[in-house]
Amino acid sequence: MKIVVCIKQVPGTTNVRIDPETNTLVRQGVESQINPFDLYALEEAVRVKERMIAAGVDTTVTVISMGPPQVEEALRETITLGADDAALLCDRGFAGSDTWATSYALAAGIKKVGADLVFCGMQAIDGDTAQTGPGITCHADYSLATYVSKVEEIDEKRARVWRLLEEGYEVIEIALPALFTVVKEINEPRTPSLRGKMKAKSAKIPIWTVEAMGLDLEKCGLKGSPTQVVKVFSPEHRAGGAIHEGEAHELAAKALEVIRERCTC
Amino acid sequence: MAIKVITDTCIGCKACVRSCPANAISMDEKLAVIDLNLCTYCGSCVSACKFAAIVIEIDKQAQGDLADYHGIWVFGEQNDGELAGVVPELIGEGRKLADKRGCELSVVVLGENLAQLGEELAKYPVDKVYLYDHHELARFRPEPYTRVLAQLVRKHKPEVVLAGATTTGRSFLAKVATELYTGLTADCTGLEIAEDGLLLQTRPAFGGNIMATIQCPYTRPQMSTVRHKVMQSAEKSETATAEIINVPADDSLMKSKIDIKDFIADLESKVNIVDADVIVSGGRGLGAAENFAYLKELADLLDGAVGASRAAVDSGMMPYPHQVGQTGKTVCPKLYIACGISGAVQHLAGMQSSDCIIAINKDPNAPIFSVADFGFVGDAVEVVKEIIKQVKAGRNIGG
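Protein chains in written order, with this note's numbering: chain H, 1 to 265; chain V, 1 to 399.
If you're looking for bench data, these hints aren't it; they were derived computationally from the structure.
A couple of the hints might just be wrong.
Stated by the list, open to error - Computed cross-link-like contacts, DSBU-like style, restricted to lysine-lysine with a CA-CA straight-line distance of at most 30 Å: (1) V:Lys157 x H:Lys2; (2) V:Lys392 x H:Lys150; (3) V:Lys296 x H:Lys2; (4) V:Lys157 x H:Lys254; (5) H:Lys254 x V:Lys296; (6) H:Lys223 x V:Lys157; (7) H:Lys231 x V:Lys60.
Said to hold, decoys possible - Part of the chain H face toward chain V, derived, beta carbon under 10 Å: (8) Arg51; (9) Met52; (10) Ala255.
A virtual CB, placed ideally from N, CA and C, is assigned to each residue, including glycine.
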């Protein structure tokens with residue numbers, strides 16, 4: 001079985017603000033990281049691989065990402081965490097991609113690997129769109145299960161998974177090839193292994209370009225993106241209000257006044 | 001496609017240099033220079049430049065005649081005949097957009113046995129209610145839902161499609177937009193429509209620290225998922241005025257590779273925290289998992305739900321579906337009561353757009369107080385116990 005995990009490199013913190021004076025982004029500690037949800041996706045892929053191998057099915061985990069050359073670092077890190085190999089979709093033609101164009105490119109990468117199963121995080125913490133995973137399943141014709149919290153059963157043809165919805169868990173059976181977007185509850189990611197670290201050092205991470213993947217340049221990057229960002233700005237600043245001190249019953253009485261203004265109790 | 005600096009207008013203030021997340025801009029003889037090998041066309045510099053000296057030009061043509069598209073559509077998400085809470089809000093917002101454009105507002109419902117729901121929807125201020133009734137649509141599955149909505153859009157050509165940013169809305173609207181090769185903006189908190197019909201969609205990014213306004217200029221429909229509890233709900237009237245259209249269902253669209261086997265209601269939390277008007281939320285400051293029982297008691301008294309910080313969830317005090325914040329849920333209730341939560345940025349990202357925030361924490365310097373409308377410095381468990389006591393006492397007096 002071939003498993004692909006899609007990851008995104010995101011800023012190390014979302015603690016970015018716009019300086020109201022200069023209207024510019026103020027970024028603190030801008031080291032980058034792998035999108036946290038994608039680490040759960042990777043971990044689940046590695047766990048499925050281990051289950052498949054235990055069942056006698058040869059299985060590999062390939063991680064792909066679209067982004068600038070420095071994303072290679074993030075991909076190397078995924079090898080320390082159990083991925084077998086990785087590839088970077090990197091090309092000037094991809095710059096400015098919205099979720100439509102990103103899913104178009106990633107779908108091509110997934111098809112190139114010939115994946116039976118794809119894992120994505122439920123969303124990325126910078127854009128918070130949750131759209132790229134579902135988008136891929138149109139470009140590459142995969143079945144889709146979003147918000148997956150458990151892979152209960154899996155074989156080469158189908159899987160039984162739990163989806164975390166607003167009111168509870170939906171249990172579904174889904175035919176492969178399929179793409180799952182996962183929530184945090186699905187697992188607890190492992191720490192890098194020594195063997196993984198050794199492997200990551202020497203791993204070759206190929207670069208896949210627009211041309212090499214045979215993509216239509218008109219559908220890539222800014223040009224292929226139906227949406228455009230018109231402006232970015234600072235949200236209205238929320239100022240803290242009065243702070244009260246005192247005995248618990250005094251605080252409770254004051255808090256209850258506030259509560260009663262807003263709901264009946 | 002190009003990004004360029006208008007050299008006559010650039011004054012060399014370096015605002016763009018600081019704004020660029022890709023470090024792609026440098027100064028050369030007091031003029032901004034953009035390294036095209038690094039630029040990601042994110043538009044930060046365009047927004048940052050007070051002199052409009054940076055422009056992104058896209059050589060792109062509208063796909064088809066955009067003027068062929070008329071009307072605003074709302075996806076009427078339902079479960080077992082019950083309308084999703086966000087739908088009346090979408091109707092309220094859709095009505096405003098339709099009135100501004102002088103066009104029709106329609107609600108489109110997919111499901112099984114929809115007649116009664118159709119009657120109910122017809123009482124809202126909408127012009128048309130499309131019902132697409134088929135037993136294969138009884139529960140949401142991505143493939144048939146995508147095919148049906150995409151086919152309806154192709155046929156009727158609405159200019160705008162709005163859906164709730166629910167698990168269902170987010171799961172399949174992205175598929176519909178991909179099929180139709182049009183733009184979709186996620187989790188919008190503000191919508192405005194221009195005279196020429198261009199929809200300006202505003203949404204939070206970076207966990208709510210940045211707002212971005214997004215448009216879809218070359219393709220139609222313009223599609224958005226909209227955050228729950230942000231827009232104002234439309235009111236239902238006594239009589240049904242909208243036209244109800246039963247769309248003949250097409251069996252060939254119903255194939256799916258998914259079988260729904262079971263649904264396990266989350267017994268711990270009957271109330272879905274995203275839908276709750278009041279959330280009583282706890283953090284590690286509560287000390288012990290048992291203390292969440294007091295939060296639950298208070299939440300029950302206020303007809304609310306219980307939330308938790310990541311720290312509380314990771315330490316096993318509460319299950320994950322309750323987690324509020326960056327790796328949990330984003331909520332905007334009328335009232336958020338944060339108990340023993342210090343207020344890490346990741347937590348604030350999930351709750352700072354609540355209407356009113358009360359924070360109770362021992363540490364007067366906890367960052368949660370910087371966003372709280374009302375701060376209380378004290379032991380959260382003791383204060384919550386007192387509130388419960390006083391609520392109950394008040395009930396006894398008031399009968």
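Each hint, compared with the structure:
A C-alpha spacing of about 40 Å is found between lysine 157 (chain V) and lysine 2 (chain H), which places the hinted pair above 30 Å, so the restraint is violated. Using a Cα cut-off of 30 Å, the hinted pair lysine 392 (chain V) and lysine 150 (chain H) is violated, with the two alpha carbons roughly 41 Å apart. Between lysine 296 (chain V) and lysine 2 (chain H), the direct Cα distance comes to roughly 45 Å. Violation of the 30 Å bound is thereby established for this hinted pair. Between lysine 157 (chain V) and lysine 254 (chain H) the CA atoms are separated by roughly 54 Å; this puts the pair beyond 30 Å, and the hint is violated.
Taken as a hint, the lysine 254 (chain H) and lysine 296 (chain V) pair is honoured in the structure, with Cα atoms around 20 Å apart against an allowance of 30 Å. The suggested pairing of lysine 223 (chain H) with lysine 157 (chain V) holds, with an alpha-carbon distance near 24 Å, which does not exceed 30 Å. Distance hint between lysine 231 (chain H) and lysine 60 (chain V) is fulfilled; the C-alpha atoms sit about 19 Å from each other, no more than 30 Å. Interface hint status for arginine 51 (chain H): violated, as the beta-carbon distance to the closest one in chain V is roughly 20 Å, over 10 Å.
The closest approach between the C-beta of methionine 52 (chain H) and any C-beta of chain V is roughly 20 Å, which is over the 10 Å cut-off, so the hint fails. With 10 Å as the threshold, the beta carbon of alanine 255 (chain H) comes within range of chain V, its nearest partner Cβ sitting at about 6 Å, so the hint holds.
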